[in-house]
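Residue numbers (the working numbering), protein chains in the order written: chain A, 1 to 261; chain B, 1 to 318.
Bear in mind the hints are in silico, worked out from the structure with no lab data behind them.
Treat the hints loosely; a few may be bogus.
Claimed, not checked - Here are the computed distance ranges between Cβ atoms for each label pair:
| id | chain 1 | residue 1 | chain 2 | residue 2 | range |
| --- | --- | --- | --- | --- | --- |
| 1 | A | Ile-26 | B | Lys-113 | 15 to 21 Å |
| 2 | A | Tyr-108 | B | Thr-57 | 47 to 53 Å |
| 3 | B | Arg-111 | A | Leu-198 | 56 to 62 Å |
To be verified - Some chain A residues flagged as far from chain B (calculated, every beta-carbon gap over 12 Å):
| id | residue |
| --- | --- |
| 4 | Met-7 |
| 5 | Gly-95 |
| 6 | Ser-180 |
| 7 | Thr-196 |
| 8 | Phe-202 |
Said to hold, decoys possible - Partial chain A-side listing against chain B, Cβ under 10 Å, derived:
| id | residue |
| --- | --- |
| 9 | Ile-12 |
| 10 | Val-23 |
| 11 | Ile-105 |
Ideal placement from N, C-alpha and C gives every residue a C-beta, glycine not left out.
Residue strings, one per chain:
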Amino acid sequence: MRLTMSMQGQLIALHTIARKETVRIIRIWLQTLVPPVITMTLYFIIFGNLIGSRIGEMAGFDYMQYMAPGLIMMSVITNSYGNVVSSFFSAKFQGHLQEMLVAPIHSYVIILGHVAGGIVRGLAVGTVVTVVALFFTDFKVQHPLIAISMLVLTAAVFSLGGMINAIFATKYDDVAIIPSFVLAPLTYLGGVFYTTALLPDFWASVSAFNPILYMVNGFRYGILGVSDVNIVTAYAMIMVFLVAAFATCYYLISQGIGIRE
Amino acid sequence: MKALSIHGLTKIYPNGVQALNGIDLDVEAGDFFALLGPNGAGKTTAIGIITSLVNKTGGTVRVFGHDIDSDLAAAKSCIGVVPQEINLNQWETVYNCVVNVAGFYGLPRKRAKQRAETCLRELQLWDRRDEASRNLSGGMKRRLMIARALVHEPKLLILDEPTAGVDIEIRRSMWDFLRHINEQGTTIILTTHYLEEAESLCRHVAIIDEGRIAEHARMSTVLRKLHQEVFVLSLVDELQPDMHINGFAYMAINDHEIEVEVASGQNLNQLFAALSDAGIAVSSMRNKTNRLEELFMRLVDRRDKERTKQLADPEICV
Numbered sequence: 001m002r003l004t005m006s007m008q009g010q011l012i013a014l015h016t017i018a019r020k021e022t023v024r025i026i027r028i029w030l031q032t033l034v035p036p037v038i039t040m041t042l043y044f045i046i047f048g049n050l051i052g053s054r055i056g057e058m059a060g061f062d063y064m065q066y067m068a069p070g071l072i073m074m075s076v077i078t079n080s081y082g083n084v085v086s087s088f089f090s091a092k093f094q095g096h097l098q099e100m101l102v103a104p105i106h107s108y109v110i111i112l113g114h115v116a117g118g119i120v121r122g123l124a125v126g127t128v129v130t131v132v133a134l135f136f137t138d139f140k141v142q143h144p145l146i147a148i149s150m151l152v153l154t155a156a157v158f159s160l161g162g163m164i165n166a167i168f169a170t171k172y173d174d175v176a177i178i179p180s181f182v183l184a185p186l187t188y189l190g191g192v193f194y195t196t197a198l199l200p201d202f203w204a205s206v207s208a209f210n211p212i213l214y215m216v217n218g219f220r221y222g223i224l225g226v227s228d229v230n231i232v233t234a235y236a237m238i239m240v241f242l243v244a245a246f247a248t249c250y251y252l253i254s255q256g257i258g259i260r261e
Numbered sequence: 001m002k003a004l005s006i007h008g009l010t011k012i013y014p015n016g017v018q019a020l021n022g023i024d025l026d027v028e029a030g031d032f033f034a035l036l037g038p039n040g041a042g043k044t045t046a047i048g049i050i051t052s053l054v055n056k057t058g059g060t061v062r063v064f065g066h067d068i069d070s071d072l073a074a075a076k077s078c079i080g081v082v083p084q085e086i087n088l089n090q091w092e093t094v095y096n097c098v099v100n101v102a103g104f105y106g107l108p109r110k111r112a113k114q115r116a117e118t119c120l121r122e123l124q125l126w127d128r129r130d131e132a133s134r135n136l137s138g139g140m141k142r143r144l145m146i147a148r149a150l151v152h153e154p155k156l157l158i159l160d161e162p163t164a165g166v167d168i169e170i171r172r173s174m175w176d177f178l179r180h181i182n183e184q185g186t187t188i189i190l191t192t193h194y195l196e197e198a199e200s201l202c203r204h205v206a207i208i209d210e211g212r213i214a215e216h217a218r219m220s221t222v223l224r225k226l227h228q229e230v231f232v233l234s235l236v237d238e239l240q241p242d243m244h245i246n247g248f249a250y251m252a253i254n255d256h257e258i259e260v261e262v263a264s265g266q267n268l269n270q271l272f273a274a275l276s277d278a279g280i281a282v283s284s285m286r287n288k289t290n291r292l293e294e295l296f297m298r299l300v301d302r303r304d305k306e307r308t309k310q311l312a313d314p315e316i317c318v
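Can you make the complete structure from the sequences, with help from the hints?
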């Protein structure tokens, strides 16, 4: 059988990449699924149980309840980003990314396959952290579709972010720099632990430039029904980041920047 | 039908290094073709461009008629490539390494599994299919890369030094395998530093040097261009200082070995007749160098001499 790649062929390639990424997540579950559970359990114990009981209510919910959606979203962001940046950079570093580059796969298929892996990891970790959260507090999901769509869209945005990081990375240090110096500060300042109503006007305005604020609050609206930002604005902002990140990725992959000579 | 047609291919890297300087190359479908040259000559760059891993600066490349500028996907579908460096996913199993690549070429999973089994069996890796690729020996990794390259049944297989670091036994079995798939219709382009490998396997050869094609012809034609061969003879008796071999020049290596030049118009019968006339008994004989290697070295030497001459020329130096 001699092949040229039809749309069906591209779908098979997409399925293959997504499957390969999922198998990787399962194969190294001790690195991918367990650490977030331990970290988030500590957050719930220290910030929720010990400190939260002294803070009292926030936006009409006890602190543990208020914090839970933020922590779930934080784990989704960190893990979807981390999955793609490590997987894609590792493929580039070891050289087996060439398997995809010499095959007749369209650039968007390479991107979507890795994003699918990032979403799978984000949702898997998000689900586990939600189960952990339910040991410490209880909440009734107010808008399930909004909650799920927020998780998926956020995981997609940060998977694309991880891919851009991996494309430009030339050594393993480069893979750690963005999560440490950009992602972590933005996440901690993105309304995970507090409502922006507590901030002075100036810092509340500055927070409006933080994309994670929209994701955390959008998801919190889906779970608790409260948000610091308008839900339509949150969707619009996430879509802007999604389109911009995808366009950047597509340009980089199709031009071969960082991956071809 | 041409499996590969390259015209005016140039590559200038961002640092200004010109790796390819307008090369023209045609490879017929079904051929077993050797692309030779010293390190840094441009072989791997040329292969990188053909397989789309390197962006070209100029020129055209067609693979079975598909232009890589306008019909890249179709061109890629025709090619299987075995790179010089081992680039397997070291955490993946042998089986998955091959099945995944089949998926990248659009083979449905059931078919991908069948093809993976066939390729792994042909390359004697089926028994190791569940092991992580990092646990394989160097030779097995090379064979796995060949299996991976063949899983989508490419019409053109490009091998960039496939037997580097492989022991003689495995190298010979790989030669047999490559001959077998070539007989079945797969066009093969081979780069290698083992010139006896190219001489043994390939019907056509191109020698690339400093980004230019220095020689491009049938292997037999290229080898006929050699004016002489040098043989090393081991003598039964100690070499005598006044020894003369009528019609042949020789040079002593030690007390019991000499090098004899046999020109293109001479043959070994004449040499042995001359040895008998001189009363010289020979216990063994071997080629001093591989013939293709000799030609290769002459081309490179000629280039070096020309460069030295140019540098010495005051008009050029100014």
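Status of each hint after checking the structure:
Evaluation of the 15 to 21 Å hint for Ile-26 of chain A and Lys-113 of chain B yields a pass: the beta carbon distance comes to about 19 Å. Here the CB-CB span from Tyr-108 of chain A to Thr-57 of chain B is close to 27 Å, at odds with the stated 47 to 53 Å. With their beta carbons about 60 Å apart, Arg-111 of chain B and Leu-198 of chain A fall inside the hinted range of 56 to 62 Å. At roughly 10 Å from the closest C-beta of chain B, the C-beta of Met-7 of chain A falls inside 12 Å, breaking its exclusion from the interface.
Gly-95 of chain A, annotated as away from the interface, has a beta carbon of chain B within 12 Å; the closest lies near 3 Å. At roughly 25 Å, the least C-beta separation between Ser-180 of chain A and chain B is larger than 12 Å, which holds for a residue marked as non-interface. Annotated as non-interface, Thr-196 of chain A keeps its C-beta farther than 12 Å from every C-beta of chain B; the closest such distance is 43 Å. At the 12 Å boundary, the C-beta of Phe-202 of chain A stays outside the reach of chain B, the nearest C-beta of that chain being 45 Å off.
Proximity of Ile-12 of chain A to chain B holds as hinted, the smallest CB-CB distance being about 5 Å (cut-off 10 Å). For Val-23 of chain A, the suggested interface contact is upheld, since its CB lies about 7 Å from the closest CB of chain B, less than 10 Å. At a threshold of 10 Å, the smallest CB-CB gap from Ile-105 of chain A to chain B is about 6 Å, leaving the interface hint in force.
This entry does not satisfy hints 2, 4 and 5, going by the numbered hints stated previously.
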